[in-house]
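> Letter by letter, the chains look like this.
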Amino acid sequence: MSRIDVRKTYKLYIGGAFPRSESGRSYVVNDAKGKLLANAAQASRKDARDAVVAARAAFGGWSGRTAYNRAQVVYRIAEVLEGRREQFEAEIRASEGVSAAKAKTAVDAAVDRLVWYAGWADKITQVVGNANPVAGPYFNLSTPEPSGVIAVVAPRDPLLGLVSVVAPLIITGNTVVVIASEDHPLTAITLGEVMATSDLPGGVVNVLTGSQAEIAPWLASHMDVNGIDLTGVEDAELATELEVAAADNLKRVRRPSPGATDDWLAEPGLDRMTQFLETKTVWHPIGV
Amino acid sequence: MTPTASPTASDTSALGVFDDVVRSESSLRRFLHGLPGVDQVGCEARAAGLATRSIKTTSKAFAIDLAIRMVDLTTLEGQDTPGKVRALASKAIRPDPADPTCPATAAVCVYPDMVATAKQTLGDSGVNVAAVATAFPSGRAAMDIKLADTRDAVEAGADEIDMVIDRGAFLSGRYLQVFEEIAQVKEACGDAHLKVIFETGELQTYDNVRRASWLAMMAGGHFIKTSTGKVQPAATLPVTLIMLEAVRDFREQTGQMVGVKPAGGIKTTKDAIKYLVMVNEICGGDWLDPDWFRFGASTLLNDLLMQRTKMTTGRYSGPDYFTLD
Chain A
1 MSRIDVRKTY
11 KLYIGGAFPR
21 SESGRSYVVN
31 DAKGKLLANA
41 AQASRKDARD
51 AVVAARAAFG
61 GWSGRTAYNR
71 AQVVYRIAEV
81 LEGRREQFEA
91 EIRASEGVSA
101 AKAKTAVDAA
111 VDRLVWYAGW
121 ADKITQVVGN
131 ANPVAGPYFN
141 LSTPEPSGVI
151 AVVAPRDPLL
161 GLVSVVAPLI
171 ITGNTVVVIA
181 SEDHPLTAIT
191 LGEVMATSDL
201 PGGVVNVLTG
211 SQAEIAPWLA
221 SHMDVNGIDL
231 TGVEDAELAT
241 ELEVAAADNL
251 KRVRRPSPGA
261 TDDWLAEPGL
271 DRMTQFLETK
281 TVWHPIGV
Chain B
1 MTPTASPTAS
11 DTSALGVFDD
21 VVRSESSLRR
31 FLHGLPGVDQ
41 VGCEARAAGL
51 ATRSIKTTSK
61 AFAIDLAIRM
71 VDLTTLEGQD
81 TPGKVRALAS
91 KAIRPDPADP
101 TCPATAAVCV
111 YPDMVATAKQ
121 TLGDSGVNVA
131 AVATAFPSGR
141 AAMDIKLADT
151 RDAVEAGADE
161 IDMVIDRGAF
171 LSGRYLQVFE
181 EIAQVKEACG
191 DAHLKVIFET
201 GELQTYDNVR
211 RASWLAMMAG
221 GHFIKTSTGK
231 VQPAATLPVT
241 LIMLEAVRDF
251 REQTGQMVGV
261 KPAGGIKTTK
271 DAIKYLVMVN
281 EICGGDWLDP
291 DWFRFGASTL
301 LNDLLMQRTK
311 MTTGRYSGPD
321 YFTLD
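In order, the protein sequences belong to chains A and B. For the first sequence, position 210 matches number 210 in UniProt numbering, and the numbering has no gaps at all. For the second sequence, position 11 matches number 11 in UniProt numbering, and the numbering has no gaps at all.
Since the hints were made in silico from the structure, they are not lab data. Fair warning: there could be bad hints in the mix.
Said to hold, decoys possible - Here are the simulated SDA-like pairs of lysine to any residue, each with C-alpha atoms no more than 25 Å apart in a straight line:
| id | chain 1 | residue 1 | chain 2 | residue 2 |
| --- | --- | --- | --- | --- |
| 1 | A | Lys-46 | B | Lys-56 |
| 2 | B | Lys-310 | A | Glu-214 |
| 3 | A | Lys-46 | B | Gly-83 |
| 4 | A | Lys-46 | B | Gln-40 |
| 5 | B | Lys-310 | A | Gly-119 |
| 6 | A | Lys-46 | B | Asp-65 |
| 7 | B | Lys-270 | A | Val-244 |
| 8 | A | Lys-46 | B | Ala-51 |
| 9 | B | Lys-267 | A | Arg-56 |
| 10 | A | Lys-46 | B | Asp-191 |
| 11 | A | Lys-46 | B | Thr-312 |
| 12 | A | Lys-46 | B | Glu-77 |
| 13 | A | Lys-46 | B | Gly-285 |
| 14 | B | Lys-60 | A | Glu-214 |
| 15 | B | Lys-56 | A | Lys-102 |
| 16 | A | Lys-46 | B | Gly-318 |
| 17 | B | Lys-270 | B | Pro-238 |
| 18 | A | Lys-46 | B | Thr-57 |
| 19 | B | Lys-60 | A | Val-244 |
What the hints assert, rightly or not - Short derived list, chain A residues pointing at chain B, Cβ under 8 Å:
| id | residue |
| --- | --- |
| 20 | Phe-18 |
| 21 | Ser-221 |
| 22 | His-222 |
| 23 | Asp-224 |
| 24 | Asp-248 |
| 25 | Arg-252 |
| 26 | Leu-270 |
The beta carbon of each residue, even a glycine, is placed where N, CA and C say it ideally should be.
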């Protein structure tokens, strides 16, 4: 007797839950050979708005946790991802049409990247913070603090690229609304399932799938978003437009230099973490 | 049905329509228990159905401005200070300092001891001061204390009095006692408008909400109000629907209009618009006015302002740009 297929519905990941798009829309996602892979939810501006509300609500709790605890949670994401590696390898092969060996390398690198960033949680303060010498009997201490809610346009690379842009933001205490790659959105939602089961509080990472050109402008102009990472915006005109919209509330903007392509397999520097940090400096009298 | 041209303070007890009804405890009980029962499932389905209407663009802009004009900006905390009340009053006059086209709210709602402070700031801005009186929120005090509470608030300059009914008396069936309390408080109010709070979360059944509505209207309340905001559940759509039906039927019988004020738990613009749709569908456009419909709320105003800003600027706003209450 043949068994009926149990197909997965790919939905959004907002506030720790997996809702369908408020608009009820979905779009066809094809594999590398142009054959139907699945339907993904097509997020609207209202889904983006809901995601920002969820990210803002999660910010206080997440940024208030100790760096050690954030490290443990991000390390936990790596553990759970490792346990589901076959699913990710299969999804990457189907979506990108790469060889089994290449898919394995990508998953290895994604897990390692999470572990690498997890290790930075309790060290970044020592590296970019400082005890400043001042002309008086004071301790003058500069420490980094997370910027707040960061919108991210994720790059084309479905797993490694996504992990490489999200992990550095949440490890420092930011919360994130990420627009997954339009062509390869499925791994992003599966990664959402991993995060939902990794002690990561709901709302710290929110994943939207759909049209970058439709959603990104709303996030760029949103007054309650503190920064935007345009890594995945390939259209230079759109990137300029988003940068202009982001200026209204002085968002921090990360825009890759034109023509530059990221080598996701290379070891990243600190800049993805430091880009979305604010420096707080306090004076404290020395003495009694 | 005769729509009243300029319905002023309703004084129905003097109309004589219900003189027979309120003559004795038993005749009042017979009348209230003779009101048709509420179909609970039907009522909730109707309220849920009306809540699915989609209100967009110009209608939404109209609804948001109307809702802002209907807000009774409320602070009823033990920790209220004169400074906080002054800040709230300033916000009521000009909710969005960045946009002079934003209308003022209807009133500021405070405890009686804060009335003078609120009045000082509001002056002749047109924003009323409402005071909760009669041993708010429980309503458990001797009658003379409740009346003194009311008179104090009126003397201090309150334009509107929000009284609570004695739920204990109502639930044990002493309707005439509740009726007389409302009538006496109304007398103590003088020129101030009287809102009668039922605390529907404590009335147990929809039938009781309907009975309380009629009781309060017959006793001369200018407004009937769902809740104190101190008890959960506070205002809900079905309860408000029943009260709107009551004021509609009351006007058909007497020609007098009575206002409705849901209070507590209305936090978003979406919620507020659902209520406005319901008002329009049940009572008609006559009630779409701050004189006849109010929202008792504190956090609702900020959400209305954020939505308003979104509509005027075309981008989403954030809570950082509005004052915290």
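> Each hint needs a verdict: does it hold in this structure or not?
Evaluation of the provided hints:
Distance restraint check for Lys-46/A and Lys-56/B: the Cα-Cα separation of roughly 14 Å lies within the 25 Å cut-off, and the hinted pair is therefore satisfied. As the CA atoms of Lys-310/B and Glu-214/A are separated by approximately 17 Å, the hinted pair is consistent with the 25 Å bound. With a C-alpha separation of about 37 Å, the suggested pairing of Lys-46/A with Gly-83/B is violated against the 25 Å cut-off. Annotation: proposed proximity of Lys-46/A to Gln-40/B is violated, straight-line Cα distance about 33 Å (limit 25 Å).
Under the criterion of a C-alpha separation no larger than 25 Å, the hint pairing Lys-310/B with Gly-119/A is inconsistent with the structure, at around 41 Å. A threshold of 25 Å between alpha carbons decides the hint, and for Lys-46/A with Asp-65/B the separation of about 21 Å falls inside it, so the pair holds. Among the hinted pairs, Lys-270/B with Val-244/A is inconsistent with the structure: their alpha-carbon atoms are about 30 Å apart, more than 25 Å. Proximity of Lys-46/A to Ala-51/B is assessed by CA-CA distance (about 18 Å); at most 25 Å being required, the pair is judged to hold.
The suggested pairing of Lys-267/B with Arg-56/A holds, with an alpha-carbon distance near 17 Å, which does not exceed 25 Å. Annotation: proposed proximity of Lys-46/A to Asp-191/B is violated, straight-line Cα distance about 47 Å (limit 25 Å). For the suggested pair Lys-46/A and Thr-312/B, the alpha carbons sit about 17 Å apart, so the restraint of at most 25 Å is met. At roughly 34 Å between alpha-carbon atoms, Lys-46/A and Glu-77/B are farther apart than 25 Å, so this suggested pair is violated.
Taken as a hint, the Lys-46/A and Gly-285/B pair is broken in the structure, with Cα atoms around 30 Å apart against an allowance of 25 Å. With a C-alpha separation of about 23 Å, the suggested pair Lys-60/B and Glu-214/A falls inside the 25 Å cut-off, and the hint holds. Proposed proximity of Lys-56/B and Lys-102/A is contradicted: the alpha carbons are some 50 Å apart, above 25 Å. Of the supplied pair hints, the one linking Lys-46/A and Gly-318/B holds, its CA atoms being roughly 14 Å apart against a limit of 25 Å.
Taken as a hint, the Lys-270/B and Pro-238/B pair is honoured in the structure, with Cα atoms around 16 Å apart against an allowance of 25 Å. Between the alpha carbons of Lys-46/A and Thr-57/B the distance comes to roughly 15 Å, so the proposed pair stays at or under 25 Å and holds. A hinted pair counts as satisfied when its Cα atoms are at most 25 Å apart, and Lys-60/B with Val-244/A does not qualify at roughly 28 Å. A cut of 8 Å between beta carbons decides the hint on Phe-18/A: the least distance to chain B is about 22 Å, and the hint is violated.
For Ser-221/A, the interface hint holds, since its Cβ comes within 8 Å of a Cβ in chain B; the closest pair sits about 4 Å apart. At its closest, the beta carbon of His-222/A sits 4 Å from a beta carbon of chain B; the interface hint therefore holds under the 8 Å criterion. Satisfaction of the interface hint for Asp-224/A is found here, the shortest Cβ-Cβ separation to chain B being roughly 3 Å, below the 8 Å cut-off. The criterion of a C-beta within 8 Å of any C-beta in chain B is met by Asp-248/A, whose closest approach is roughly 7 Å, and the hint holds.
Evaluation of the Arg-252/A hint against chain B yields a violated restraint, the C-beta minimum of about 15 Å exceeding 8 Å. Violation of the interface hint for Leu-270/A is found here, the shortest Cβ-Cβ separation to chain B being roughly 28 Å, above the 8 Å cut-off.
Of the hints listed earlier, those the structure fails to meet are numbers 3, 4, 5, 7, 10, 12, 13, 15, 19, 20, 25 and 26, in rising order.
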